[in-house]
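Asker: For reference, the chains in residue letters:
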Amino acid sequence: AKVSSSSGALQLRVHPTVLLQIIDFYERRPENQLQVIGTLLGSSDSKGQVTATNCFSVPHSESEDSAAIDIEFQRAMFELHRKANPGESIVGWFSTGSSIRAPSVLIHDYYSRECRRPVHMLVNAEVDDSRPRMQFRAFVSTTFGVPGKTKGTMFVPIELRNEAYDDEAAACRVMQSGRNNIKRAVSLLDDVGNVRSAARNLSRMLEQVIAYVDSVLTDQQKADPQLGRSLAQLVNTVPKLDKETFDDMVNSSTKDLLMLSYLTTMIRTHLDFNEKLIAM
Amino acid sequence: QSFQSLQRKRGIMSYSHHRRPYQHGHGYGYGHGHGHGHGGYGGGGSHSQQPQPSAASVAAAAVAAASAPAIDDEDASSVQQVVMEGLVVLKIAKHFHEEQMSGNRIVQGLLFGLVQDTRLEITNCFPFPRQSDDEEAANSGFGIVPVAEFDAAKYQLDIQKNFRQLNADYLTVGWYQSSAGAEFLTKEFVESQFHYQVGVLDAVALVYNPLKTSRGQLEFRAFRLSPALVKLMSDEDNVNQQRMKELMVNQANLVQELPVIIRNSHLANVLLAELEDSVASNAFSGLSLAMGSQLERQMKSLSTGCEVILQESSKYLNYQRSYKKYEKALQDQKMKIVYENQQRAQRGEEPLSEDAIDKSKLPKIGNPPVALDPVLVSAQLHQFTSELLETVGQSYGKLMLAEGIQFN
Chain A
1 AKVSSSSGAL QLRVHPTVLL QIIDFYERRP ENQLQVIGTL LGSSDSKGQV TATNCFSVPH
61 SESEDSAAID IEFQRAMFEL HRKANPGESI VGWFSTGSSI RAPSVLIHDY YSRECRRPVH
121 MLVNAEVDDS RPRMQFRAFV STTFGVPGKT KGTMFVPIEL RNEAYDDEAA ACRVMQSGRN
181 NIKRAVSLLD DVGNVRSAAR NLSRMLEQVI AYVDSVLTDQ QKADPQLGRS LAQLVNTVPK
241 LDKETFDDMV NSSTKDLLML SYLTTMIRTH LDFNEKLIAM
Chain B
1 QSFQSLQRKR GIMSYSHHRR PYQHGHGYGY GHGHGHGHGG YGGGGSHSQQ PQPSAASVAA
61 AAVAAASAPA IDDEDASSVQ QVVMEGLVVL KIAKHFHEEQ MSGNRIVQGL LFGLVQDTRL
121 EITNCFPFPR QSDDEEAANS GFGIVPVAEF DAAKYQLDIQ KNFRQLNADY LTVGWYQSSA
181 GAEFLTKEFV ESQFHYQVGV LDAVALVYNP LKTSRGQLEF RAFRLSPALV KLMSDEDNVN
241 QQRMKELMVN QANLVQELPV IIRNSHLANV LLAELEDSVA SNAFSGLSLA MGSQLERQMK
301 SLSTGCEVIL QESSKYLNYQ RSYKKYEKAL QDQKMKIVYE NQQRAQRGEE PLSEDAIDKS
361 KLPKIGNPPV ALDPVLVSAQ LHQFTSELLE TVGQSYGKLM LAEGIQFN
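Heads up: the sequence lines are chains A and B, in that order.
Count the first sequence with UniProt numbering and you get residues 1 to 280, in order.
Count the second sequence with UniProt numbering and you get residues 1 to 408, in order.
Be a bit skeptical, because a hint or two may be false.
Lysine-lysine pairs mimicking DSS-like chemistry, simulated, CA-CA at most 27 Å apart [to be verified]:
{"hint": "1", "chain 1": "A", "residue 1": "K276", "chain 2": "B", "residue 2": "K245"}
{"hint": "2", "chain 1": "B", "residue 1": "K161", "chain 2": "A", "residue 2": "K276"}
{"hint": "3", "chain 1": "A", "residue 1": "K276", "chain 2": "B", "residue 2": "K231"}
{"hint": "4", "chain 1": "B", "residue 1": "K315", "chain 2": "B", "residue 2": "K325"}
{"hint": "5", "chain 1": "B", "residue 1": "K245", "chain 2": "B", "residue 2": "K154"}
{"hint": "6", "chain 1": "A", "residue 1": "K276", "chain 2": "B", "residue 2": "K334"}
{"hint": "7", "chain 1": "B", "residue 1": "K187", "chain 2": "B", "residue 2": "K231"}
{"hint": "8", "chain 1": "A", "residue 1": "K83", "chain 2": "B", "residue 2": "K161"}
{"hint": "9", "chain 1": "B", "residue 1": "K336", "chain 2": "A", "residue 2": "K276"}
{"hint": "10", "chain 1": "A", "residue 1": "K276", "chain 2": "B", "residue 2": "K187"}
{"hint": "11", "chain 1": "A", "residue 1": "K276", "chain 2": "B", "residue 2": "K212"}
{"hint": "12", "chain 1": "B", "residue 1": "K325", "chain 2": "B", "residue 2": "K336"}
{"hint": "13", "chain 1": "B", "residue 1": "K187", "chain 2": "B", "residue 2": "K212"}
{"hint": "14", "chain 1": "B", "residue 1": "K212", "chain 2": "A", "residue 2": "K255"}
Stretch-level coverage of chain A by chain B, calculated; a stretch enters the list once three of its residues show a Cβ under 8 Å from a Cβ in chain B [unchecked claim]:
{"hint": "15", "stretch": "42–49"}
{"hint": "16", "stretch": "53–59"}
{"hint": "17", "stretch": "71–83"}
{"hint": "18", "stretch": "139–152"}
{"hint": "19", "stretch": "218–231"}
{"hint": "20", "stretch": "264–271"}
Rather than coming from a laboratory, the hints here were simulated on the basis of the structure.
Here a beta-carbon is modelled for each residue, glycine too, at the ideal position from N, C-alpha and C.
Starting from the given sequences, assemble the full structure and let the hints guide the process.
Answerer: Given below as structure tokens:
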């Protein structure tokens, strides 16, 4: 049997929005359904990199060897999404589950009609003690078999990478703190709160570094020259200013800030005053 | 260990129409929100199941409901807190990011979710397409929908239909909008929120501040109009000084802010943990000491706001002056008539009635200035000042931090 591959160096980049949505769809699936499937939206460039930035799930039903999806729904949803963001087009489809099943070929076939080279993403969201990590895999399909005689379709795994816009990455990072909270709540801090939490993180990281240095000094751990070099670099990046220059800088900045807060409070008092006058 | 499908309470309500958020100077094209009778959402009571209306009947009902039901205090929303899912956070952030790349500064969309006790949970959202007045832009093929053609009601209905099939919440609980800093309290904002609130009592406006995200923070704020403001605006022709005093609408009383927290399901938290290493962002970009441009921008908004307030005040003073002139002229005429009547009584003739006042001789006064505008602007300025004070506080903290690092 010859394997004729039609895929180049294909790579799928997934945004966290897509993953979170898939998890959400999975949680909301109807009682009798084991898996959900849906369309992946995004863009693909000429070098074979496909980026998935959005997705929506599609009602479907499947059995041992057949599958049916609501094509009308798929089209209507796609139209809606396209109105909202015309830059996104269909790049493939996703399914939850632990392995590729027979009906997937049929579904993949449908998507090949919708886009040029659909990517199939498989998400295994079943997490338990024996399998503590989620699994994300991506595939494209190729035909294989004896030319002229029996042919079949095979799913070839391709590389899958997480990528995110800066905004998305920042949002994800802020939401990490929800893991340690009993109520799973992430409250949004105001400016000063953010500085405080960033400072706390910084001091925690510094403590770890200091503990490491201490243990090396007391011969409990072997010294790693590369680590030592980066540590030296770190210490050197703190700009060395003499006390006077630094004090000057701090003072002038403080003066600016005080002036601003004075002006602002004054404006506020004026506003209230103005209001009272008009009301008369 | 399959995860049980979440049991969610869902109220089936008739679709509420809403006016498209930003009216670029066109007339009101749609009926007001379909006010439907409901006994409030609190306590998870059973909702009356209303039959799903067809689009035509909903439009007719909207027209009929133009005489909105009287709003009394019992209808005040019982929501105290807004809970967002991480999904919505990411979708809004992504929506803004993609729109920003094509130059659009303000992005808007719908929020879906449900109300539970005192919490408003936002579980999903969907963006509005870009709309523009510019004919050229609309035909350039970038998917910008011309303002006049966009049927917001149908768009919302479509989304709700589809969401229902996906088992997602399809109850519109509000709308979202991005804003540059604290700059969101405009006339259009208040009007849009008013229409949403009339349709859905608990509707909130979610304001996303993308400037903070670039510094590693997240800012989402939820607002709704105060009951006093809703009462004021529900009687459109009568928005004047008098009523505002009656209802005690002043700049502190325009909008109420609700605390926002983000909550993710367990599975979503597992996913976030998986992503922690691969989706990296600079956790300390917010500690940068370079706040100059930020402070400048905020000062600029403050100063333009102050100018607007000055204009409004002078408009008001001018109006007062011209009104006084008018009154004085009116009085003069009245005195003349009284005098004339006295003379006529002497001569035994019929007295003139007051209607004989020659209206055309009176000085002209323009319309009284819209009373709500200066209050809006001053509320907006208040937002600016709070924002500025916050930034000042933050900068000061960072300075102290830098000082500590230098000398330890």
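Asker: It remains to establish, for every hint, whether it holds in the given structure.
Answerer: Here's how the hints hold up against the structure:
no.	hint	in the structure
1	K276/A x K245/B	11 Å, holds
2	K161/B x K276/A	49 Å, violated
3	K276/A x K231/B	21 Å, holds
4	K315/B x K325/B	16 Å, holds
5	K245/B x K154/B	39 Å, violated
6	K276/A x K334/B	34 Å, violated
7	K187/B x K231/B	16 Å, holds
8	K83/A x K161/B	16 Å, holds
9	K336/B x K276/A	38 Å, violated
10	K276/A x K187/B	22 Å, holds
11	K276/A x K212/B	34 Å, violated
12	K325/B x K336/B	17 Å, holds
13	K187/B x K212/B	24 Å, holds
14	K212/B x K255/A	24 Å, holds
15	42–49	violated (count 0)
16	53–59	holds (count 5)
17	71–83	holds (count 6)
18	139–152	violated (count 0)
19	218–231	violated (count 0)
20	264–271	holds (count 5)
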